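Please build the complex by placing chain R on the supplied structure of chain F, with the hints as guidance.
Protein chains in written order, with the working numbering: chain F, 867 to 1159; chain R, 599 to 967.
Rather than coming from a laboratory, the hints here were simulated on the basis of the structure.
Quantities reported herein were computed from a predicted structural model and do not represent experimental measurements.
Hints are not guaranteed to be accurate.
Keeping only pairs whose Cα atoms sit at most 27 Å apart, straight-line, the calculated DSSO-like set for lysine-lysine is [to be verified]: (1) R/LYS728 to R/LYS765; (2) R/LYS892 to R/LYS875; (3) F/LYS1146 to F/LYS1054; (4) R/LYS671 to R/LYS775; (5) F/LYS1054 to R/LYS728; (6) R/LYS728 to R/LYS717; (7) R/LYS765 to R/LYS924; (8) R/LYS671 to R/LYS627; (9) R/LYS728 to R/LYS705; (10) R/LYS704 to F/LYS1054; (11) R/LYS717 to R/LYS779; (12) F/LYS1061 to F/LYS1146; (13) F/LYS1061 to R/LYS728; (14) F/LYS1054 to R/LYS671; (15) R/LYS765 to R/LYS775; (16) R/LYS728 to F/LYS1146; (17) F/LYS1054 to R/LYS705.
Restraint-style ranges between C-beta atoms, simulated for each label pair [to be verified]: (18) R/GLY661 to F/GLY975: 34 to 42 Å; (19) R/ASP731 to F/ILE1134: 36 to 44 Å; (20) F/GLY975 to R/ASP621: 33 to 41 Å; (21) R/PRO635 to F/GLY975: 33 to 41 Å; (22) F/GLY992 to R/LYS705: 51 to 59 Å; (23) R/ASN666 to F/TRP988: 39 to 47 Å; (24) R/LEU902 to F/GLY975: 56 to 64 Å; (25) R/GLY907 to F/ARG875: 53 to 61 Å; (26) R/ASP731 to F/TRP988: 42 to 50 Å; (27) F/TRP988 to R/SER654: 36 to 44 Å; (28) F/TYR873 to R/ASP807: 53 to 61 Å; (29) R/ASN666 to F/GLY975: 20 to 28 Å; (30) F/LEU1139 to R/LYS705: 37 to 45 Å.
Beta carbons: idealized from backbone N, C-alpha and C, even for Gly.
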Amino acid sequence: MTNMNLYSRGDRLFVIVNMMLIGIFAISTLYPFIYIASLSMSTGFEARAGRVILTPVGFTLEAYIRVLSEPLFWSSYKNTFIYTIGGTLMSLAFIIPGAYALSRPQLIGRRFWNLMVAFTMWFNAGLIPFFLNMRDLGLLDSYFGIIIGFAVNGFNIILLRNFFEGIPRSFEEAARMDGANEFQVLWKVYVPLSKPAIATVALFCIVSRWNGFFWAMVLLQDEEKIPLQVYLRHVIVELSDDEEFANTLLNATYSFETVSAAIIVCSIIPVLLIYPFIQKYFNKGILLGGVKE
Amino acid sequence: MSGVTLEKIVKRYGTATVVHGIDLQVQPKEFVVLVGPSGCGKSTTLRMIAGLEEISDGELRIGDRVMNRVAPKDRDVAMVFQNYALYPHLDVAENIAFGLRIRRVKKDEIARSVTDVAKILGLTDYLQRKPADLSGGQRQRVAMGRAIVRHPAVFLFDEPLSNLDAKLRTQMRAEIKRLHKRLGVTSVYVTHDQVEAMTLADRIVVMRDGRIEQIGAPMELFNHPANTFVAGFIGSPPMNQFEAAVEMEDAGPVAVAHGARIALPALDALKGAQGRKVIVGIRPEHASIEPVGKGSTVSVELDLVETLGSEALLHTSIGDTPFVIKAETGGDTDHLSSVNAFHVPVERIKVFDHETGRVLGSSQMGAAA
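Same shape as in the complex, but just chain R:
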């Protein structure tokens, strides 16, 4: 198995730079997800790894080989495309076998490989069908079959699930995860869906405007976002963020916003920060409607209750700042309509610099990268 190394990778189109010298090391057998809003350069980065886009600057290595000037077919990578790109004139077996035929693999060996792959992906009954006669999920599986039949060193996935409906997406997500566990092939996966990123990744790379904002394990990004962008991007619904001014009290720093006073963790960066403007971040699931131990209670005005089943989203506001609370329903939402305050433990609160958006550290809770 090979790892993938990106060193100061740059992509320019004419005078516009879309990827600004990113560094990334994907370990052998690792599943790395590139995530970010559209236009953040994640697909371009993937396509540079695939060899479908030229690398303007920097160095790409797969294993120990520098790949900048190597043709896609010689990189030992396979890619699953967003629109599957199955050849419509070929049946499932021929689609899966295409790459092997091109490489002049012996016929009986091709037949054996196709049978094996079809078994793994549950496609055995569909081998003689054309792509047009398959459902979305089956097509997706064929696209994956075409990738795994070649036993490549690296799998590349370009938003492979975005054309599927929600239910199928969940199902295929689990299948991809299972497949990775079974085959253990180094994988780079691009998506704009943070749920996919959280569920699939060994490590997530959050990108924005052609730069990497943060790299880390899913829970690391969730618990310790490096900045307001990552905090807002990872987690669903996103972290509540609002401006506040710091006041120093005897018990420690306090954030004051719209008349509410919220106790902040005793961060080194907040020492002597009287009057400093900060951004306070509280995850919807960390705002509790039940009283908590050491923390603050903040009055809110309830606007709307969105019921999800076992959970509900309470859309509230502090002054004129919207604030979302995720609450357990316990099978009944009646009690939620009277909510007028939330409680938040002090250690759950994130504080970001008002100017740069970077998280302020470090407290005793440990800080982000």
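Excised from the complex, chain F in its bound form:
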């Protein structure tokens, strides 16, 4: 904690107001997590009645038992892992060499290629043409379609390109004098030097893949291939007017609200588990390109 005595009165007021605002922001971000967790551990009856505010009311894990006994939950969980790991690896396989090429002054037509990549950040073909494109390529209802279809992202390429451009040229020149070819320069010098930037890009990919919902819903019909987020939608949309669920209201151990909340909690856990390990990269990565080191 900074020594407050070193601040003038005005500065002190400023710091206090800042801290209050940050506190409010932190609470407003944290609250939905707490609410969902509490909801998932409350009885269906209390949840329906809207009595859950902060802590679980009528504590029960029935909703989790219901969720975990559902085969579709497990298959969609597995699918989400496949899309996240496969998609992230595929993305990095495209983004790293792409960003490296775009950062090279000797790339022929460099400005043009950079413009083309940036163009995709502002404009895209839109829903129907993209869907038709995927259909004609035979990529509907396939794991590979989801993985390859969203592998390249202009923003991530430009983020990494900016980082590569910030690496002093003499590293590349030294490596070339040492006998390295273009791939060795990238693999043995640029990639190790860019770990924070690559970790950031990887994290962006992981999070967007993990939370990926819309395109998976549009492109996948086969229930065996849907990811967790689409499965969650199934539960919310389809089970809300399900007969069986209506009956469970009577015994009131769980409701579709508590089941949905339990699925959400289950889907958050893996991200919560890996975040502490990549947080340091993430904090660094957000500043990438903004500061010249």
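What follows is chain R alone, placed relative to chain F:
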């Protein structure tokens, strides 16, 4: 060992020409220093030898091979960079071994080479450290280790000492010199520091605006500068230069400037040069506060005494032209505050053409290239 030959080497960026067809022959085992002010094309020339810049025109040979279109890795040259360019993610041993690994040298051979190089450079205790944990001098040594481990035909140095503090620079300079003596590898060294050039070089190449002004051994450049630029660049402090008009006297030509009359050497070029405008050059160390034999005495006004220890720099003026005198202190500077004239032997005086700046020759003292 291979020499390096540059024939009419030109470098253009778009329409701007930064190196104008230079010729240079570096002999095998020779240590050549390219020196000049920033923007003179010395680094560009070095980078063309390295293969990091394309050669716009002319021919580069290393040994007998034409290298214009050969990739840097195939030129058998190694380079030490100004900012060292050590890979921060690798430790000292891995940095030194990098080039050998890339070339798929056998592991035990790499280990042996790294150990040998570390011994030569005094890095044995630091092999497991990362560059960030090393001092500037140690990093510099690692950069050199990375170059020598490959036993290249030619070493290229791009201002390798300019990031070091003065004391370390002197120390590393001596180490580079020692290393060259020991390994005897052809070396091309770029610097803007004339002291480095003087101390390290077998031959110095003075460059300006993409052209070579003069090539010669350090003392040759010091004693016989080809023009006012070289005269001003080599030597510290630089040679005093001022305009004067030539008058012919019975004893020989005399330069007249600001009321002072300075006897000039009897150069062929000054025969019948009555009234000709010239530039007179006198090195600070050749202007003596003690009377000398055959020479002139010039009155000056003392402005400032800079004490360096055993020597002092007297900042004086002849009329309104500044003139620096380097004098021995003899451990005491009191006697220097009363200096009001200097003496200069006639054979120490250089005379340059007023228009071209080229040295006028040739006297019996011998002339510059």
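Consistency of the hints with the structure:
With a C-alpha separation of about 24 Å, the suggested pairing of R/LYS728 with R/LYS765 holds against the 27 Å cut-off. Only pairs whose Cα atoms come within 27 Å are accepted, and R/LYS892 paired with R/LYS875 is accepted, the gap being roughly 24 Å. Of the supplied pair hints, the one linking F/LYS1146 and F/LYS1054 holds, its CA atoms being roughly 23 Å apart against a limit of 27 Å. As the CA atoms of R/LYS671 and R/LYS775 are separated by approximately 25 Å, the hinted pair is consistent with the 27 Å bound.
Proposed proximity of F/LYS1054 and R/LYS728 is supported: the alpha carbons are some 16 Å apart, at most 27 Å. Between the alpha carbons of R/LYS728 and R/LYS717 the distance comes to roughly 18 Å, so the proposed pair stays at or under 27 Å and holds. Restraint check: the Cα-Cα separation between R/LYS765 and R/LYS924 comes to about 23 Å, which is no more than 27 Å; the hinted pair holds. Annotation: proposed proximity of R/LYS671 to R/LYS627 holds, straight-line Cα distance about 21 Å (limit 27 Å).
For the proposed pair R/LYS728 and R/LYS705, the alpha carbon gap of about 21 Å is at most 27 Å, so the pair holds. For the hint linking R/LYS704 to F/LYS1054, the alpha-carbon distance of about 18 Å falls within 27 Å, and the restraint holds. Proposed proximity of R/LYS717 and R/LYS779 is supported: the alpha carbons are some 16 Å apart, at most 27 Å. Taken as a hint, the F/LYS1061 and F/LYS1146 pair is honoured in the structure, with Cα atoms around 11 Å apart against an allowance of 27 Å.
Taken as a hint, the F/LYS1061 and R/LYS728 pair is honoured in the structure, with Cα atoms around 16 Å apart against an allowance of 27 Å. Pair hint F/LYS1054 plus R/LYS671 holds up; C-alpha atoms about 16 Å apart against a cutoff of 27 Å. Distance restraint check for R/LYS765 and R/LYS775: the Cα-Cα separation of roughly 16 Å lies within the 27 Å cut-off, and the hinted pair is therefore satisfied. Proposed proximity of R/LYS728 and F/LYS1146 is supported: the alpha carbons are some 21 Å apart, at most 27 Å.
For the hint pairing F/LYS1054 with R/LYS705, the CA-to-CA distance comes to about 18 Å; that is within 27 Å, so the pair holds. The given range of 34 to 42 Å is respected by R/GLY661 and F/GLY975, whose C-beta atoms sit roughly 37 Å from each other. In this structure the supplied range 36 to 44 Å holds for R/ASP731 paired with F/ILE1134, their Cβ-Cβ distance being about 40 Å. Checked against the hint of 33 to 41 Å, the pair F/GLY975 and R/ASP621 passes, with Cβ atoms roughly 37 Å apart.
At about 37 Å, the CB distance of R/PRO635 to F/GLY975 agrees with the hint of 33 to 41 Å. The given range of 51 to 59 Å is respected by F/GLY992 and R/LYS705, whose C-beta atoms sit roughly 56 Å from each other. Distance hint for R/ASN666 and F/TRP988: a CB-CB separation of about 44 Å, consistent with the stated range 39 to 47 Å. Separated by about 60 Å at the C-beta atoms, R/LEU902 and F/GLY975 satisfy the suggested range of 56 to 64 Å.
One distance hint, 53 to 61 Å for the beta-carbon pair R/GLY907 and F/ARG875, holds here, with the actual separation near 55 Å. Between R/ASP731 and F/TRP988, the C-beta spacing of about 45 Å keeps the proposed range 42 to 50 Å intact. With their beta carbons about 39 Å apart, F/TRP988 and R/SER654 fall inside the hinted range of 36 to 44 Å. Evaluation of the 53 to 61 Å hint for F/TYR873 and R/ASP807 yields a pass: the beta carbon distance comes to about 56 Å.
For R/ASN666 and F/GLY975, the Cβ-Cβ distance of about 25 Å falls inside the hinted range of 20 to 28 Å, so the restraint holds. The hint said 37 to 45 Å for the Cβ distance between F/LEU1139 and R/LYS705, and at roughly 39 Å that hint holds.
In the structure shown, no violation is registered for any of the earlier numbered hints.
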